[in-house]
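Novice: Residue numbers (this note's numbering), protein chains in the order written: chain A, 2 to 240; chain B, 220 to 436.
I should point out that these hints are in silico values taken from the structure, not numbers from a laboratory.
As the structure is a computational prediction, the values presented were derived from the model and not from experiment.
Take these hints with a grain of salt, some might be off.
[Stated by the list, open to error] The list that follows gives simulated cross-link-like pairs (lysine to aspartate or glutamate, EDC-like), each with its CA atoms no further than 16 Å apart:
no. : chain 1 : residue 1 : chain 2 : residue 2
1   : A       : K163      : A       : E197
2   : B       : K392      : A       : D130
3   : B       : K298      : A       : E227
4   : A       : K196      : B       : E416
5   : B       : K227      : B       : E416
6   : B       : K409      : B       : D396
7   : B       : K392      : A       : E145
8   : A       : K137      : A       : E100
9   : A       : K163      : B       : E291
10  : B       : K321      : A       : E145
11  : A       : K233      : B       : E288
12  : B       : K409      : B       : E376
13  : A       : K163      : B       : D289
[What the hints assert, rightly or not] Some chain B residues judged to face chain A by a derived CB distance under 7 Å, without partners named:
no. : residue
14  : Y308
15  : F315
16  : V346
17  : G348
18  : G355
Glycine residues also receive a C-beta, built at the ideal position from the N, C-alpha and C atoms.
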Amino acid sequence: MVMINKIVETLEDAVAVINDGATVLIGGFGEAGSPIELIHALIDHGAKNLTVVSNNAGNGHVGLAALIENKQVSKMVCSFPRTAQSVVFTDMYRQGLVELELVPQGTLAERIRAGGAGIPAFYTPTSVDTPLAANKEKRVINHETFVLEYAIKGDFALVKCKAADRYGNLVYNKTARNFGPVMCMAARHAIVQAKEIVPVGTLDPECIVTPGIFVSKVVEVSNPAEESQLLKENRRYPW
Amino acid sequence: MVEIQNIKPWNRNEMAQKVAADIPDGSYVNLGIGIPELVASFVPEGREFMYHSENGLLGIGPPPQPGHEDPELINAGKKAVTAIPGAAYFHHADSFAMIRGKHIDVCVLGAFQVSQNGDLANWSTGVPGGIPAVGGAMDLVSGVKTIFVITQHTTKEGKPKIVKECSYPLTGKAVVDRIFTDLAVIDVNKRGLFVREMAPGVSFDYLQSKTEAKLEI
Chain A
2 MVMINKIVET LEDAVAVIND GATVLIGGFG EAGSPIELIH ALIDHGAKNL TVVSNNAGNG
62 HVGLAALIEN KQVSKMVCSF PRTAQSVVFT DMYRQGLVEL ELVPQGTLAE RIRAGGAGIP
122 AFYTPTSVDT PLAANKEKRV INHETFVLEY AIKGDFALVK CKAADRYGNL VYNKTARNFG
182 PVMCMAARHA IVQAKEIVPV GTLDPECIVT PGIFVSKVVE VSNPAEESQL LKENRRYPW
Chain B
220 MVEIQNIKPW NRNEMAQKVA ADIPDGSYVN LGIGIPELVA SFVPEGREFM YHSENGLLGI
280 GPPPQPGHED PELINAGKKA VTAIPGAAYF HHADSFAMIR GKHIDVCVLG AFQVSQNGDL
340 ANWSTGVPGG IPAVGGAMDL VSGVKTIFVI TQHTTKEGKP KIVKECSYPL TGKAVVDRIF
400 TDLAVIDVNK RGLFVREMAP GVSFDYLQSK TEAKLEI
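Here chain A stands alone, though its shape is the one from the complex (with noise of 0.2 Å):
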């Protein structure tokens, strides 16, 4: 018998496929969520090139700002990427060295979703009356106004979440679910983290938020660095 069977032992496996000039969706609201094994491994494993969707731009000299600071991203597609710590990709953006697609969140997460859903595009009333709709195509719907926007494939997404089985199926905890759910879904393979492998059957199917359809590779990470912690330490990747 064949079995499926999506787990990989390590990271630098789980990471192996991403490729040169790959949009990589990449969960996590600030340090909620954000799969930091995953991308340390992704600068370990060295793609270029790459576009990368995710909330925000991050914070210290670590994850996904230690990924920017490493110059392998080209592109950063993100709602805030102005926070107090985000030190790196500030610098390198007022330098010209990445570009940014500044989207409302919750057109970033309905461009996923729907990218993840087989919607090319959707009409959407945020940002009308906007500097971010300008160029956009619009069209007026029942007496409103509303903004064409495109939907947002990966070919990959990193996220973090608290339990998977070998099929995939996760649950995740509290709010850094976020943007893992749909970025399983809109990601050619999601390669995720879980804080905790366990046996098929032993999730309830009323709870699963991610069935295993959506997720390509399971990783365990059972003690996930906190990225707060990192930056008190002013610790840098790679370390």
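Following the hints, complete the assembly by docking chain B onto the known chain A.
Specialist: Okay, now just chain B, sitting in the frame of chain A:
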């Protein structure tokens, strides 16, 4: 000369309490980044409403006790929060379906500028080299029925934030319903800006002197 000796501006907590007091019973209320986060600490005695955080939480509770922060339980401003009993977590597309789909009743946002017709600017100062960051603000103003703004009345340099026309890029046009500042509570409607309440010692003339747009009583 405008008399200023006896002015007692409301502090941030008092401003947040004023906002909470004006929220209708049973409302679902989104809290934005900055001073709006403080509103979560204030649900008036004997009343119930539900605070929503764009990052996937319905039922924000008060801030955690020191030492009990959970980095995976945070608000829109990425600060540690608690979840009330009966809270729910959900992913980002669902969270913004609540917002864009007009399921949220009230939203509390910060502001760089508010204009006399309720235009809001709170995401970019348009300065070259500045990093624009919009977050969920544009989704919120397009989808939420009632928009409350909570902000200091003037900038750190003393310049009015309530202006005739926003000079900064807009977040939304004619979207603000009520403004809560350290000096006053002001309603925005089609006929203009109407002062509902002023902080202790604030006269109408003083308030007008700190406001570029024309105020009415």
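Novice: Where does the structure disagree with the numbered hints, that is, which hint numbers, in rising order?
Specialist: Those not satisfied are hints 4, 8, 12 and 16.
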